[in-house]
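Assemble the dimeric complex from its two separately framed chains, guided by the hints.
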Amino acid sequence: MAQATSPPDAAPGEDARARRHSTDAAGLGRVRAALFTAPALALIAVFLVFPALWVLYLGLTTYRLTGADAAEPQFVGLDNFVEALWDPAFWDSTWLTVEFVLGSAVVGQVGLGFTIAWLLRDRRGPLKRLVEGLVILAWILPSAVVSFLWVALLDRDSGTLNALLGIPGFPWLLDHPMLSIVVFNTWRGTAFSMMLYGAALGNVPPSHLESARLAGATGWQQLRDVVFPHIKGHVLTNLLLISLWTFNDFTPFMLTAGGPDGRSEVLAVHVYKVAVQSGELGYGAALSTIILLINLVVAVFYLRLLRSKR
Amino acid sequence: MAAIELRGLTKVYPGGVTALDALDLVVPDGEFFALLGPSGCGKTTLLRTIAGLEAATGGAVVIGGRDVTGVQPGERDVAMVFQDYALFPHMDVADNIAYPLRIKKVPKGARRGKAAEVGARLGLDGLMDRRPGQLSGGQQQRVALARVMATQAQAFLFDEPLSNLDARLRLEARTFLKKLQRELGVTTVFVTHDQAEALAMADRMAVMEAGHIRQIGTPAEVFQRPANTFVAAFIGSTPMNLLDATVRGDTLEVAGCKVPVPASAEGRLQDGERLVYGVRPEYMAYSDGPADAALAGKVAIVENLGASYLVTLDVGDVAVQAVVPEGREPAVGSDGHAVPRRDRALVYRDGELV
Numbered sequence: 001m002a003q004a005t006s007p008p009d010a011a012p013g014e015d016a017r018a019r020r021h022s023t024d025a026a027g028l029g030r031v032r033a034a035l036f037t038a039p040a041l042a043l044i045a046v047f048l049v050f051p052a053l054w055v056l057y058l059g060l061t062t063y064r065l066t067g068a069d070a071a072e073p074q075f076v077g078l079d080n081f082v083e084a085l086w087d088p089a090f091w092d093s094t095w096l097t098v099e100f101v102l103g104s105a106v107v108g109q110v111g112l113g114f115t116i117a118w119l120l121r122d123r124r125g126p127l128k129r130l131v132e133g134l135v136i137l138a139w140i141l142p143s144a145v146v147s148f149l150w151v152a153l154l155d156r157d158s159g160t161l162n163a164l165l166g167i168p169g170f171p172w173l174l175d176h177p178m179l180s181i182v183v184f185n186t187w188r189g190t191a192f193s194m195m196l197y198g199a200a201l202g203n204v205p206p207s208h209l210e211s212a213r214l215a216g217a218t219g220w221q222q223l224r225d226v227v228f229p230h231i232k233g234h235v236l237t238n239l240l241l242i243s244l245w246t247f248n249d250f251t252p253f254m255l256t257a258g259g260p261d262g263r264s265e266v267l268a269v270h271v272y273k274v275a276v277q278s279g280e281l282g283y284g285a286a287l288s289t290i291i292l293l294i295n296l297v298v299a300v301f302y303l304r305l306l307r308s309k310r
Numbered sequence: 001m002a003a004i005e006l007r008g009l010t011k012v013y014p015g016g017v018t019a020l021d022a023l024d025l026v027v028p029d030g031e032f033f034a035l036l037g038p039s040g041c042g043k044t045t046l047l048r049t050i051a052g053l054e055a056a057t058g059g060a061v062v063i064g065g066r067d068v069t070g071v072q073p074g075e076r077d078v079a080m081v082f083q084d085y086a087l088f089p090h091m092d093v094a095d096n097i098a099y100p101l102r103i104k105k106v107p108k109g110a111r112r113g114k115a116a117e118v119g120a121r122l123g124l125d126g127l128m129d130r131r132p133g134q135l136s137g138g139q140q141q142r143v144a145l146a147r148v149m150a151t152q153a154q155a156f157l158f159d160e161p162l163s164n165l166d167a168r169l170r171l172e173a174r175t176f177l178k179k180l181q182r183e184l185g186v187t188t189v190f191v192t193h194d195q196a197e198a199l200a201m202a203d204r205m206a207v208m209e210a211g212h213i214r215q216i217g218t219p220a221e222v223f224q225r226p227a228n229t230f231v232a233a234f235i236g237s238t239p240m241n242l243l244d245a246t247v248r249g250d251t252l253e254v255a256g257c258k259v260p261v262p263a264s265a266e267g268r269l270q271d272g273e274r275l276v277y278g279v280r281p282e283y284m285a286y287s288d289g290p291a292d293a294a295l296a297g298k299v300a301i302v303e304n305l306g307a308s309y310l311v312t313l314d315v316g317d318v319a320v321q322a323v324v325p326e327g328r329e330p331a332v333g334s335d336g337h338a339v340p341r342r343d344r345a346l347v348y349r350d351g352e353l354v
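Chain order of the listed sequences is G and H.
Going by this note's numbering, the first sequence runs without a break in its numbering and finishes at 310.
Going by this note's numbering, the second sequence runs without a break in its numbering and finishes at 354.
Just to be clear, a hint being listed does not mean it is correct.
Unchecked claim - Restraint-style ranges between C-beta atoms, simulated for each label pair: (1) G/Gly202 with H/Val302: 45 to 51 Å; (2) H/Lys108 with G/Lys232: 22 to 28 Å; (3) G/Leu305 with H/Gln152: 55 to 61 Å; (4) H/Lys108 with G/Leu305: 37 to 43 Å.
Derived from the structure by calculation, the hints contain no laboratory data.
Each residue gets a CB set at the ideal place from its N, CA and C atoms; glycine is no exception.
Extracted from the complex, chain H is given alone in its bound form (with noise of 0.2 Å):
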């Protein structure tokens, strides 16, 4: 077990491209350490290069206090999960998950045994002489994750996980992991560009735009309070209401109506400053009738969530989206009145939370 830490660590590509622009990040031992953001933004990059798949152009990778940037993928003692689990087609799953204790030299019984073991924790009993061909997208994965518990290494590196597998199973696995994670505390990252994922599943996470780290944090701080306007619009699964705001005196004029400054942003605003206003559809309290301090407008869409609908208000020109309930959504065409929850409103000023 080890704790993993990054100091300026920056990677351009041979054409000139910066991948990874001097991050500096620490994951403490035995943290589930989540990576996300759109494709592109570098993190897989990143998960690469603290494995070693990919040689860092400045800085360093540090693991359980050791300082590995130049050394070999296979002499860092991390183990990683592969997107396609890079199972080895004409191997038995025995052989597979006993692969990398095959290349340490450890004798064939130990390693039978071992493979049998980690199996057997996995629930892989009786598939340890199938192919890989011959299980499903999920038992595949749990190869793949036994194996990597077989190494025994410092760290764990995930490389979306989850992707591969159907919607059903993804949340299932989901679970699972994170369970599995809890239960073996061995330090793991792992990259996804899924936020519902990041969010569930880690115990902290950064995310990620453009080689940059735009905020590192738990789950709940990035999901109630994104340090800028990209993670308020990255991170949610109905995304984050981001309107243009004119401070006037303890309101805020937003699409024509008048709202208070939120709480976080009392006292620290100028009159006259122009600003963006976040709320989150889930944090807005919807009204058919008039209501204080809310944003109102005529229902252009409402969208079935399941439990609740998303609602979409055009208020002015601007659209405005809010959660209801189910059973009390609106008639499409009829007015609506949106309150945002003063506690959970936030304010951005150049794209940076105030």
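Bound-form chain G, shown alone (with noise of 0.2 Å):
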């Protein structure tokens, strides 16, 4: 009990009687909620969850574009999944996925956006900008757009680049497909990792690096002790988001449609050419679920990750 030696003149002022109303923060109730949000979840249903659901049954059947699994599709339970896993052009896919994901994504964006980041943390000015919009405009211009311009710098006898380095007819498309689409994605998908990165090192406090400066840390010392602990969980949402980015990036079909002879085919471009080129919608189908599989795995190896770090 608090012990008033001199108490106050006036009476205490009346007390809330505001709070009939529900108990959610707008006020709205359950049913007024609902209403608002109705709209938004039937657009969601209609265009996610009915499209989604609709994959998941197709890759059951035979269902073709042409002939008459087009008309009549049977019901042929795992036979489609079965023969996925049997197929070696499914595993090269596989493999090259992976390949493109952790060359492009994992090393080549992470990598680049961090030290592109880190370099430009102190700086102010017109280099800071001009880095920044440069690597900004390789995110934002539309796919098609990108694509045609990497076309033209690879050109094996007008490219910008056999003509930079005075090796004309030099296939780059050809010979080093996977090497052409892992450095065009890493280019194109830089920008994000470099914001992030940027706002993340923000958030070291300026103290931290100077405690590890005055103890003589070296610049790799303060990055392992004092930078990483604090941009983890940075580090892990980034490689969540362009790894399954990354993985279902369909733009490589703009460079290589998948060639030479399959060099470059990656899943995503894999089942476009299963279903849409080949008409098997059902083989398709269940080759999009088995991607959706993998990336649940990967999304929870992330989150694993990110939770046993707190």
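Okay, structure coming up:
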């Protein structure tokens, strides 16, 4: 009990009674809140949930684009999945996709994005704006446009790169299709990682870095002991997002069309070729389901890591 | 252990702001030295320049006889406690304390031993495997101190070491820090904006304003004889009365009242000269009835300081403050008379002490 040695003159004011409405923050109540969200939920159901479930169903049939199976698809259970797992083309594509993700996302985008963010962290002025501007430009341009630019850059006879290197006639997209799309996707997607790490580095307390510097820590030791522990969560989130984006990326098709001879046929391209070009919609749907499962595994793996960090 | 010497130290920021303007300062070996000043006066910049976290634009920093002006922070053999303590959240207390030793490649066993030894000395025995997030503010501060002690550096630098503690803890930590520094005997420079903290802890102190040092001295000197009106106004928990005065023979005319020329300025003033008369509220004798050589006026405000009261008198159109012991505080609106102590009153000519 508080002891008032000198109580106030006025009586305490009237207490709150404006609390009759519902307990949620907006004060709407369940019914009205549900009504407000209903249109959005309906759109999500029609354009997202239903197609996803439809793909799951199609994967279990012999549905095709044309022919008898287009009119009356047969239900074949897990046959499509079994076929995929026995198909060397599927495993080739999976392996190429892993290469693509590790090369262009994990090493390329994360490495380059972090390096740029780290080098620019204390800089102000035109140089920083120029570098950021160029990197972000690569990110915001439409895929069709940048693909065309890269085709023009890598073209065998009149490409800019060959002109610069003085080796006309060198067929980049034919001789090094994977290298081409890895470098392309690194260039294309670095902006996201750069911006994310730029923001994350801004959250590292300067005094922690200075404390390490006073102890005599080298640049690498500062990264290891101060910067990395602070941005670990950002790194994992970043890896999760760009791994999944890159895994499902279809843009390589616009550079190499999966060729030559399937040597750059990542899974997204493989599904497109099977389902749309060959018309095997049922088999393509099964492949899509497998990709979905792989995505889930990757996501769960990262989320586990994220959680174990806390 | 080492003395710190600054010679013509200048720091100009890229924007053209001069944070330090040709400072000369010597902190002898083992001294506990305070840098005091209002925010933006350059005191933190000075500390960071000594540490090497800021590069000097001109002049030299000499630590223990070695010119370290161009030397990297890690090579200067100084250790610093940051305002936010800068403890690494992912390391436990022992690892935090031992971090500088780890960078110096001290073997693991030896550095754990050293961490335990220093930690025990600062009362961190049971906390060695906690994370900084699990510690109170006072414990975090002691971990930061322990980390500094474990380095066995030649000099310690503290940046506002007490400002993140709550008021009561701050007083305890003040006493603790002073005792610790005395025992260790390591040259220590600390930055504070709190004049009471500087007065309480420092052996000597520098009062800074806008990149210049306005006075260097012991806390007693700085408190009793501020070298200029800036220091006079800045030091003291109740600000010094600084009143316009005119010399009239051997008295001063202050706000329409006559007071004797202070002892320290006797014989050095010219008749008719216009000056500033300074006297601390603590150095005023207050009485309700008329008194000789008093500043007389009406009581405008009475503030409770605990064991004493701060009384503000309206003398003519200037405000004069005096500290009155408890039980003798006057009523607002009554007549009051404050007699300055002649041996403690000061006179400033053009802002500088006469």
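**Study point:** Violations among the numbered hints, reported as their numbers in ascending order
**Key:** The structure breaks hints 3, 4; every other hint is satisfied.
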